[in-house]
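**Q** Read off the chains here:
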Amino acid sequence: MTPEEILSLSCVQLAAAIRERRTSAVAAMEAVLERARRVQWRLNCFLRIDEASALEAARLADRQPARGPLHGVPMAHKDMYYRRGVVSSCGSKILRERPAPATATALERLDAAGAVQFGVLNMTEFALGPTGHNWHYGHCRNPWNVERIPGGSSAGTAASVAARANFAGLGSDTGGSIRLPAAFCGTSGIKPTYGRVSRAGAMPLSFSLDTVGPLTRTVEDAALIAQLIAGPDPQDPTCDARPVPDWTTLMNDSVKGLRIGRSRQYFYDDCDAEIAAAMDASLDVFRKLGASIVDIDLPDLAVYNAASGLISGAEAAALHTQWLRSRPQDYSDQVRGRLLQGLAIPATSYIDALRMRGAALAEFCNQVFSKVDVLHGPVLSIQTPSVAETDLGWGEHTAEVLARITRLTRPGSYLGLPSVCANAGFTRDGMPIGLQLIARPFDEATALRAGHAFQRATDWHLRAPKV
Amino acid sequence: MNPSQIKAALDEQGVHADPAHVSAAASTVNSMLKATADRFAALPLEAEPAGFQVEQRRSAP
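Keeping their order, the protein sequence lines are chains A and B.
Note that the first sequence covers residues 909 to 1375 in the working numbering.
Note that the second sequence covers residues 126 to 186 in the working numbering.
Hints should not be assumed to be uniformly reliable.
Stated by the list, open to error - To be clear about the criterion: a stretch of chain A counts as covered by chain B if any three or more of its residues have a C-beta under 8 Å from a C-beta of chain B, and this derived list gives those stretches:
#1 1024 to 1038
#2 1211 to 1225
#3 1254 to 1262
#4 1268 to 1276
#5 1293 to 1304
If you are wondering where the hints come from, they were derived from the structure by calculation, not from laboratory data.
All C-beta atoms, glycine included, are put in the ideal place defined by N, C-alpha and C.
The following block holds chain A by itself, in its conformation from the complex (with noise of 0.2 Å):
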């Protein structure tokens, strides 16, 4: 195979392609990281680009019996996975020579699936941010435009794997730090149940919201990296005890008969009209896959929304008010702006935030899901801002600008939902438009099938960018 041809791959079908030797481990991972030099200059969407070591795990990938249903297969990451003894930067100055105390629960599990982990992702500093932007390392662009943000926090993610310089790599998602850069870029991506996946040597952010997913060149690769790193993990006492159901079969099963919930409330407040429009064609396509499309009602979300800051807010401000006091100048400006507003939030207003959060999901749970079995809507009702417009100090301005973005994500952060993204066309000038699935609680299976199914009846997700 060419590197052309082993670049247009997924995972899961360069994963056959070296099971069968029809390729290999170390023609994948030299492809990936010719294209990766390639790309980095425009995109600067890694953070390090571990050769030698990827080429020789890469060798000896080749040399040995097939590990797992990864094997050989290139991969990259957001910088705040932790491998002890390396330093994962966390995107950030204060963490950038600090080893990582043990290695993350996720990487643990690609690798024994064989994966390959060839370097480390660009992201917000400390995950704290929807642009992308990164002051210290440099912004991360979007391989759609380069004058464009790629989406935040795991942008690196987003724009290496749509550039196709890496074939998948993981996120996080607090807020919607998965779902925003997947559909800024075009790529596809899980953010599974709050409690489905380890969040164990992963940087934390607010500990009642983070999740850990991946990004990926389609949803085949999302439900095949997200049931490989779920289920239960000692290490860390908020996963979910229940087992992975084997997300990769279930997927297959026909749409027919699903039902489809869209609600015009909320997630259409202000939309853009191209991004509506896309939204009604993706409907349409559900339509012709045998699902029923029901229009409902939603709870209150912007409610959720607000609660979902005041439990980010404080748990962050929470974790860095050390560095808030010692090293203040080691923070950028709109990152230390945000951190700073935690510290505000009383008490009172953060644990009611958490009491209300049962209620909220019941709420949500019997107006939607006794009705349909997943709802569907856009990850944004924005087109994707251009660098220079959200490259700002933070003030009130700012806060206005950000709020616009993670309006339509934040609020399934706070019930904790799993929401599958894909892309669903693009823009007159070229963007992509993310639609997001989302499922009642540890529903992934139907998540993921509503979105296989919609990628195997369009091509939206084959669209490569020409960086």
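Please arrange chain B on chain A, whose structure you already have, making use of the hints.
**A** Then chain B, alone, in the frame of chain A:
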């Protein structure tokens, strides 16, 4: 909370903030408190954070 109260809260915690940060914090925090006030006021005495995990299990397929 007004900006003076925010600044006092930050000072008390030993954290310095620029006026623009204080002003933005006041605006953002007030907006979140306002949006949630009615719902928080209606929470029953027995509501507790662990109710979320209970509801997750109850709502799962």
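**Q** Three or more residues of the stretch 1211 to 1225 of chain A near chain B by CB distance under 8 Å?
**A** Three-residue rule met by the stretch 1211 to 1225 of chain A, so holds; n is 7.
**Q** How does the coverage statement for the stretch 1293 to 1304 of chain A fare against chain B, requiring three or more residues with Cβ below 8 Å from a Cβ of that chain?
**A** Result for this restraint: holds, n = 4.
**Q** Given that the stretch 1024 to 1038 of chain A was listed as covered by chain B, double-check it with a C-beta distance under 8 Å for 3 or more residues.
**A** violated (count 0)
**Q** Can you confirm whether chain B covers the stretch 1254 to 1262 of chain A, using C-beta to C-beta distances below 8 Å and requiring at least three such residues?
**A** This one holds; 6 residues, not fewer than the three required, reach chain B with a Cβ under 8 Å.
**Q** Closer than 8 Å, Cβ to Cβ, for at least three residues: run that test on the stretch 1268 to 1276 of chain A against chain B and report holds or violated.
**A** Holds, because 3 residues of the stretch 1268 to 1276 of chain A bring their Cβ atoms closer than 8 Å to Cβ atoms of chain B.
Checked against the numbered hints above, the structure breaks only hint 1 and satisfies the rest.
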